[in-house]
Amino acid sequence: MAGIGFELKQILKEKSLTSVLKTFGYSAILSSGPWVISMVIILGIGLSNIYLFHTVDSQNVMLKASVTYVSALAISSVYTGFFQLPFTRFIADRMYEKRYYLVLPNFIGMLIVTIVIAFLLSFILAIFIFNTQSNLFILLYITLFTVLSCVWMANILAASLKLYKHVIIFYLLGYIGIFICSIFLREYAIVGLLISFIIGNSIIFILLFLGIIYYYPSVHKGNSNFIRFDIFKGNFGKFYWKLAWSGVLYNIAIWIDKVIFWFTPVVGYVVIDRLHASMVYDFPIFLAYLSIIPGMAIFFFRLEVDFAQAYADFYRAINHHGSLGQIKQHKQRMIDAVKRSIQETLFVQGLFNIFLFLSAKTLFELLLLPKLYLPLFYVDVIGVQLQLGFMSILAYLYYLDRQKEALIYTLLFVFINAILTWISIQMGPYFYGYGYSVTLLILFVASIATLNRILQELDYETFMLQ
Amino acid sequence: MRVVLDKGEVDILIPCEGTYPYVRGGVSSWIAQLITGLPEYSFGIVFLGSRQKDYSAKPLFEFPDNLLFMVELFMFDDDEKEPIRARDGDIEDFKKIEELYHWFKEKKEQDSFPKELKKIDFYRDRVDEATFLYSRESWYFISNKNQENCPEISFLDYFWSVRSIHIPIWKVVKLANFVLDKGKIIHSPSTGYSGFLSALIANDTGKPFILTEHGIYTKERKIDLISSSFNLYKKLDLFRESAEDNYIQKMWVNFFEGIGKMTYSKANPILSLFSVAKETQIAYGAKAELCRVIPNGVDIKRLGATLKNRPTGVPKVITLIGRVVSIKDIKTFIRAIRVTANVIPDVEAWVVGPDDEEIAYAEECRDLIDILDVKDNIKFLGFQNIADILPKSGLQTLTSISEGMPLVILEGFAAGVPCVSTDVGSCKELIYGGEQEGDRELGKAGVICQIANVEQLSSAYIELLTNEDRWYKAQKVALERVNRFYTQDIFIDNYREVYKDIFKKIGE
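Chains V and A, in that order, give the protein sequences.
Residues 427 to 892 (our numbering) are what the first sequence spells out, left to right.
Residues 247 to 754 (our numbering) are what the second sequence spells out, left to right.
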């Protein structure tokens, strides 16, 4: 027979096996969970101080310490936002390849980079911001900032390794530590509080670190290094720039409305050196964040249980030679899972909100907050609910590896939030809080439309656009 | 797509599908022979390959002076891939494609073939490659077709089969468009993709199109498909409905039959190497009045010169020239040698050809040699110069289960070696004589046996090696037959005539 004919068999064989999307899952937005816990607890410390010690002086110290702490929280979360998502994605990819032994050495490498940059960054920041404070204060600020940065990285890793229970327990222990230290170190005023924050966060960090070492040891014949920088060297594929920037932007976006309030003359005022706060804006919104917890719990449960399963089934149906009918059926199950998760999340959140609305007055009295804040609190509660919805959609976008869309939405979040917040300030006190809430309304609706389109076309894109 | 050579206008354009100049073998040598043998014409080559890495990096043939043009395209290479971008597509155009499917699936009559679809611009401007590959409309179309025809089969396999069937169409169209004004006549050495390319060009430009088929392409693809080497997913037998997973195979067969018919409908003349092949072409849809046989030829001078090196008498050596692969059925040869060695203990059997293509099969052959205890009789010689081997051989043999027109038989004849072969391809015509006048009257240049019939083969070996009269008679017939009908000069003259006729018709 003549030597004519193509290598069709070979080509067909290769196509069937490799060209279908890799499955991976990672919970990106999980970092927000502990962030909310911190918010709530710092509020708790503030309030309990107000309750326990009715002196103007101690309140003033408390406020200064809180604002300092919040600034370290905010800036370190924006900074580590750059590494969080690429790092979790990197880890998820390695886990998919079953190279568990690469987790720990790369985590240590990641920590080293995080610490070096955090140190330099906070050094410059501290000198710039706190121009009248003692060297001890500056040193403590640098330490706090660096420890917090490490906590974020350890936290996101522990969460993506699904050590949820541990994360929650460790946070509780850490904040109990802060609370106890703050009582014992009361006579050292602001310095004592800063030390308490450092101790508490160090506890969290150490516990998380131990947890990671315990569950993911690095001893393996495929690895001889204690420290690895694979993610920066691009040993396993390129660095995920889009994920990095969307992480930074998301963290900027959730702070930008507060920052605008702090630094707008009428509503913001100086607390300590160059740090500002906003009496009108801060308390209601931090209090409103409290309401996010039940909804978030429901959402992650649904994401982990329903959606992750449906997603895995969808790709399994494709890769394991399912018929088109089966593939479409699994796609529908995925869509149903998304629908149900958002419905239930918003429903639970809504119920909780109604409860909050009804009891808001009593709550405010209990917390000795001026009733003046009530309308703003209502608006913020709605905004927080919408933020939860938007966060859920973002989580799906990350899950479906739609990095471009996620980046665009986080970018929009920054700009719309900034612009609408500024407009709301111009429109007067009655509209405070609407900037944030309307931003999230717009983003939530738009991102639902995007997610819907993506899900509808998932089979088309999986097959045709590869 | 890359232009390898462009030294001016050419007379004859030859589309080569996975052959000359990157692959060795019958068709490639035939092309080389044709080009070198007809220096009065200039030639162009259009090479169609699957992926660059499937072929040798450098041409395996030296380009003759009258080869003036060559362009190559590797259809499945990544750099040939259209940039990926989502798009909508137009439902109307897919209706046209649906008509085409009907044609492929059902009768494949010429007049029912949608006219627009014969034209190059349909594929270039209406449903272009990117539309087919990336558009939403195309996705609906493919998934609807799947639901209509074979909703139960693995969609992944279905999808990739559909893509793999279609992608080459656009590549061929792209290439056809590029070489549209190259050459005055098209001469395709096969149907398949190069036949399709030629048919498109012939349809668009009205250029004459000659087809010479070596094997029967459509049949070979069918064998490929049925030998289950496609690695498609199959359910366990118990859960499978009988027709279920044949659908993909059927799709491929329909496709190759379809483009085969398109090619036959545009080609004139339709040439083959031997009369059995001609019959098969007619069965696959070629018009009988356009079909002719032009056999291959061998260089009788070079091989005839080796006659003087032959020892006196009949050497007790049986030579099989061919690769050690299952299609050549070397195992039957080994068994036949066992039987032969019982009668002629000092018989030698040489297998001349590479044994690295089917390593497992070659290993099995060696085991069989051990088991049958013919180690002293059988030698695997690897690749050898036949001009050295043939004078030392008493007989040449082929035990293949499939052949086209094996040149080795003719080469053996030219060197004065009779042949014992199984009844495949044109072997019978070569050994017992074909339809040409006076051919059969010459007599038998060896023996034809049934496929895998050890007894027939071995008794033929014994008869010819022990009966010198019979052997010398066969040698005489062999030499006469090759000199009268199968010389390279006759082969070249035949094609010179074909070309001359056609150039006369188009007024050049």
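Just to be clear, a hint being listed does not mean it is correct.
Here are some of the chain V residues that sit facing chain A, going by a computed Cβ distance under 8 Å [to be verified]: (1) Y741; (2) M853; (3) P855.
FRET-style restraints, in silico, Cβ to Cβ [unchecked claim]: (4) E338(A) - W667(V): 35 to 45 Å; (5) F665(V) - I330(A): 42 to 52 Å; (6) K750(A) - E883(V): 40 to 50 Å; (7) W667(V) - D323(A): 47 to 57 Å; (8) N390(A) - G776(V): 36 to 46 Å; (9) E883(V) - D323(A): 20 to 30 Å; (10) Y590(V) - E328(A): 54 to 64 Å; (11) G628(A) - W667(V): 34 to 44 Å; (12) Y493(A) - F665(V): 43 to 53 Å; (13) F662(V) - D602(A): 49 to 59 Å; (14) E883(V) - E338(A): 54 to 64 Å; (15) Q852(V) - D323(A): 52 to 62 Å; (16) R612(A) - E883(V): 53 to 63 Å; (17) K342(A) - Y641(V): 58 to 68 Å.
None of these hints come from the bench; they were simulated from the model.
Note that the Cβ used here is the ideal one computed from N, Cα and C, for glycine as well.
Return the numbers of the hints above that this structure violates; sort them in rising order.
1, 2, 3, 5, 6, 7, 10, 11, 13, 14
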